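Peer 1: With the sequences and hints as input, model every part of the structure.
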Amino acid sequence: MGEEELYLRARIKELEEKLAQVRLSRRVLLYLLEKMEGEKELLLKKLERENERLQRLNARYARSLWQKNRRIVELESKLQGKES
Numbered sequence: 020m021g022e023e024e025l026y027l028r029a030r031i032k033e034l035e036e037k038l039a040q041v042r043l044s045r046r047v048l049l050y051l052l053e054k055m056e057g058e059k060e061l062l063l064k065k066l067e068r069e070n071e072r073l074q075r076l077n078a079r080y081a082r083s084l085w086q087k088n089r090r091i092v093e094l095e096s097k098l099q100g101k102e103s
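Under this note's numbering, the first residue of the sequence shown carries the number 20, and numbering increases by one thereafter.
Don't read these hints as lab results, they were simulated from the structure. This structure is a prediction, so every number in the text was calculated from the model and none was measured. Quick reminder that beta carbons are idealized off the backbone N, C-alpha and C, glycines included. Where hints are given, some of them may not hold.
As a list, the in silico DSS-like pairs of lysine-lysine whose alpha-carbon atoms are at most 30 Å apart [to be verified]:
1) K37 to K54
2) K97 to K87
3) K54 to K64
4) K65 to K54
5) K87 to K101
Cβ pair distances, simulated, as ranges [what the hints assert, rightly or not]:
6) G21 to V41: 25 to 31 Å
7) E60 to I91: 42 to 48 Å
8) K59 to L94: 38 to 44 Å
9) L62 to R30: 32 to 38 Å
Peer 2: Next up, the structure:
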């Protein structure tokens with residue numbers, strides 16, 4: 020074997036090792052990406068549920084205010100009727 024052939028074989032081995040490292044890195048990155056996507060999906064669902072809960076509470080509060088306002092108007096009307 021000539022010196023050039025030894026060099027080329029060593030270079031091939033080095034490049035094959037780098038390729039194996041790149042493949043491993045790619046698998047790790049894909050795993051992390053999938054994990055992040057899953058976490059993002061869970062967070063999105065949690066936020067959607069929280070948003071729905073807050074909308075229900077807001078609607079309940081608005082109805083309560085509406086009823087109290089209506090009662091105030093009724094009482095004011097009765098009070099004005101007695102004063103007349």
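Peer 1: Compare the structure with each hint and give your call.
Peer 2: Verification of the hints:
{"no.": "1", "hint": "K37 to K54", "in the structure": "holds, 25 Å"}
{"no.": "2", "hint": "K97 to K87", "in the structure": "holds, 15 Å"}
{"no.": "3", "hint": "K54 to K64", "in the structure": "holds, 15 Å"}
{"no.": "4", "hint": "K65 to K54", "in the structure": "holds, 17 Å"}
{"no.": "5", "hint": "K87 to K101", "in the structure": "holds, 21 Å"}
{"no.": "6", "hint": "G21 to V41: 25 to 31 Å", "in the structure": "holds, 30 Å"}
{"no.": "7", "hint": "E60 to I91: 42 to 48 Å", "in the structure": "holds, 47 Å"}
{"no.": "8", "hint": "K59 to L94: 38 to 44 Å", "in the structure": "violated, 52 Å"}
{"no.": "9", "hint": "L62 to R30: 32 to 38 Å", "in the structure": "violated, 47 Å"}
Checked against the numbered hints given earlier, this structure breaks hints 8 and 9; the rest are met.
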